[in-house]
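Novice: Residue strings, one per chain:
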Amino acid sequence: MKSLGSIRRDFAPWNDPNAKPYIQFDKVTKKFGDFTAVNNLSLTIFEREFFALLGASGCGKSTLLRMLAGFEEPTAGRILLDGQDLRGIPPYRRPVNMMFQSYALFPHMTVENNIAFGLKQDGMPKPEIAARVGEMLKLVKLEQFAKRKPHQLSGGQRQRVALARSVAKRPKVLLLDEPLGALDKKLREETQFELMDLQQSLGLTFVVVTHDQEEAMTMADRIAIIDKGEVMQVATPAEVYEAPGSRFVAGFVGNVNMFEGKIARGEAGAASIDAGNGITIRTENAGDAATGAAVAFAIRPEKIKISSKKPAGAVNAIEGEVYDIAYLGDMTVYHVRLDDGHVVRASTMNAARITEDPLSWNDRAWVSFRPDAGVVLTR
Amino acid sequence: MNPTWSRFNITSIVLGFAFLYLPIVLLIVFSFNESKLVTVWGGFSTKWYVALFHNQGLMDATWVTARVAVISATVATVLGTLAALTLTRYTRFKGRMLFSGMVFAPLVMPEVITGLSLLLLFVAVGLDRGFLTVTLAHITLTMCFVAVVVQSRLVTFDRSLEEAAMDLGAPPVKTFFQITLPVIMPAIVSGWMLAFTLSLDDLVIASFTSGPGATTLPMKIYSQVRLGVTPEINAACTILIAVVAVGVIVASLANKRREVQRQRDEQAAQRG
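So the sequence lines, in the order shown, correspond to chains F and Y.
Oh and the first sequence: position 335 is 336 in our numbering, straight run, nothing missing.
Oh and the second sequence: position 209 is 1117 in our numbering, straight run, nothing missing.
Rather than coming from a laboratory, the hints here were simulated on the basis of the structure.
As the structure is a prediction and not an experimental result, all values here were calculated from the model.
Ideal Cβ placement from N, Cα and C applies to all residues, glycine included.
Take the hints with a grain of salt, since some may be wrong.
[Said to hold, decoys possible] Calculated from the model, a selection of chain Y residues having no Cβ within reach of chain F, i.e. all distances over 10 Å: (1) L945; (2) T947; (3) Q964; (4) L993; (5) D1036; (6) S1068; (7) L1069; (8) A1072; (9) M1074; (10) L1076; (11) I1087; (12) V1091; (13) I1157.
[As the list claims (entries may be wrong)] Partial list, computed: chain Y residues near chain F (C-beta under 10 Å): (14) M1093; (15) A1095; (16) K1164.
Bound conformation, chain F alone:
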């Protein structure tokens, strides 16, 4: 069976027409004065899904999260949680909890009391609170830090306390606002996997806001790409990367080479694209783009092969000159300036230690790719 990228086989409620949506943004608009932060946005999130809202800062993704938590009310539209309209329900009565970007740990309370805070608000009996707090401390591996105050903890420990505090009440939905933003790179990568494991073991619905696409790709079941308060695309990480719905999404997630051109001849999904300056690209992924339509051909750098001689039998091969090389260890990135001035980025995995076909700066080189390697974008 062929498939895009890696998949979680047993979980795809968004493909099931009978699946009941858990969280629904229904034509939601939020205005702050004259500024429209969220514009007529609709979105559906399913139970036990790890959902990421990805976008640049100021795109409205945090506003969406804050509306779900109850800190902001939509100007128009409805937000439904498990079928219930959330309008007018204050944050302290919503069955969702949030992990804040700043962690927002209460500085005057110990780790223990921070975690117990939400449970006390519910009037849970003391022995049960103690048991739950112990369980949470164990979950985030902070048992020996129970009596410490937040300022006596490192950044990573604080992050885990914030996490423990926000899941202690077993909310229906956990909202995470840039949960790993304040951690350094290495810790961030470790924590990504910890968060995924936690989500799986607790069986909660996670909605995470992030501007870090790698973070979203790693953790999420589905990603919503948000720009200027609107949803650009909602899809699995693999779909977002391999089958972006628009030029914006293709450019926003990962690196991409883009050729603007016109569909020259199209039959059953296959087409050739006249990209000008004598460059013609043959592709099998033209979809239903009409002949003569202005389209963009997008291809990822790792799907472009670079060689010193024209590969025999290549459908798409364009000549140029090596303009820049970045050796990154696991892979090498080449920038090739095509003869029409277009710069193409091609990356090669360094699968072997010795390169058979070494290329240097200013060498003549050919970039080639298979007809199914790129996608045609009409939007």
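Using the hints, position chain Y against chain F.
Specialist: Then chain Y, alone, in the frame of chain F:
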């Protein structure tokens, strides 16, 4: 960072400190004077301290001052904190600029004018001048100082702490008492202490607004001095200085220790 103790530096420091503290040192020294003549040293004695505690007038004035200071500082702290909260939280209400200007105007208002206007008000509404009027006047005076101190803390207060508390199920009032208030408490305490000291040593406004039976210590001292400085007054002032000095030193030591402890904790946390 290498200070050179030049002759010039030493002279500056000696002159500076002499200017600041010579009068106070003189006052303290003469409070232990055996002689009744203030300017002639007649040997060491603590008799003026004993006399002080038998001076009913001074003791009464001290008691009045203490009560006025505690009550006015407490009320001013409540009002000032509320004003600071309003000014930092509700930044978009109509007339905010006017309100904030009006809260802070008394800071620069000449005390004579504050005192006089309060006196006119009390006369106009027919309030008998006494303990109540001094206390009210001191609340007016010190409230804006508290507001300034608390507001400067609230500006740096992380609102997400409150949001986190509400998110975890605490209604706004509970959030205020369990989260906001404990976190800004140090600023409120300093505000209270500032209000307390201001009330303690106020002479001008008290003179305008006080009446018979509610003479404060500064008023009493001032009126006695007009009849001639007695060593008894020196002793009273020395005690006042001691109380204030001990308060300031204890507060700053506690602050310093907390800061050092905090830094040590943070370093320990970073090491893991």
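Novice: Of the hints stated earlier, which fail here?
Specialist: 6, 7, 8, 9, 10, 11, 12, 15 and 16
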